[in-house]
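Please construct the entire structure, taking both the sequences and the accompanying hints into account.
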Amino acid sequence: MTSPTSSSVLSAPPVPSPCTNVCRMNPGTGWCSGCWRTLAEIAAWSTMADDDKRRIWSLLPERREANAEPPVMHRRVQVDDAGREDT
Numbered sequence: 001m002t003s004p005t006s007s008s009v010l011s012a013p014p015v016p017s018p019c020t021n022v023c024r025m026n027p028g029t030g031w032c033s034g035c036w037r038t039l040a041e042i043a044a045w046s047t048m049a050d051d052d053k054r055r056i057w058s059l060l061p062e063r064r065e066a067n068a069e070p071p072v073m074h075r076r077v078q079v080d081d082a083g084r085e086d087t
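Read in order, the letters of the sequence shown correspond to residues 1 to 87 in my numbering.
Bear in mind the hints are in silico, worked out from the structure with no lab data behind them.
Bear in mind the structure is a predicted one, so any value in this text is a computation, not a measurement.
Errors might be hidden in some of the hints.
To be verified - So the derived label-pair ranges between C-beta atoms look like this: (1) Trp57 - Ala82: 50 to 58 Å; (2) Pro13 - Arg84: 48 to 56 Å; (3) Gln78 - Leu39: 37 to 45 Å; (4) Gln78 - Pro14: 42 to 50 Å; (5) Leu10 - Thr47: 22 to 30 Å; (6) Gln78 - Ala49: 50 to 58 Å; (7) Gly83 - Ala40: 40 to 48 Å.
Glycine residues also receive a C-beta, built at the ideal position from the N, C-alpha and C atoms.
Below you can see the structure in the form of structure tokens.
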């Protein structure tokens with residue numbers, strides 16, 4: 001039996017970013033309403049160690065549950081040829 005060499009040891013895949021492309025900071029919590037990270041966490045993400053990224057990932061469900069915001073509701077508006085809103 002041979003011992004594994006550094007070339008045969010598989011490295012773990014990188015920890016993905018929780019970014020959802022909904023970048024809106026909540027002034028009350030200091031967290032992004034899309035990914036639930038702070039500005040400091042977002043800014044440091046690319047240079048963070050994977051263990052730190054995993055720690056932040058572990059915090060996100062609790063942040064999301066404790067501070068859930070209602071979904072943004074959109075209403076379709078019909079406009080006539082003159083640019084007036086149909087009711």
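* Going back to the hint list, which numbers does this structure go against? -> none
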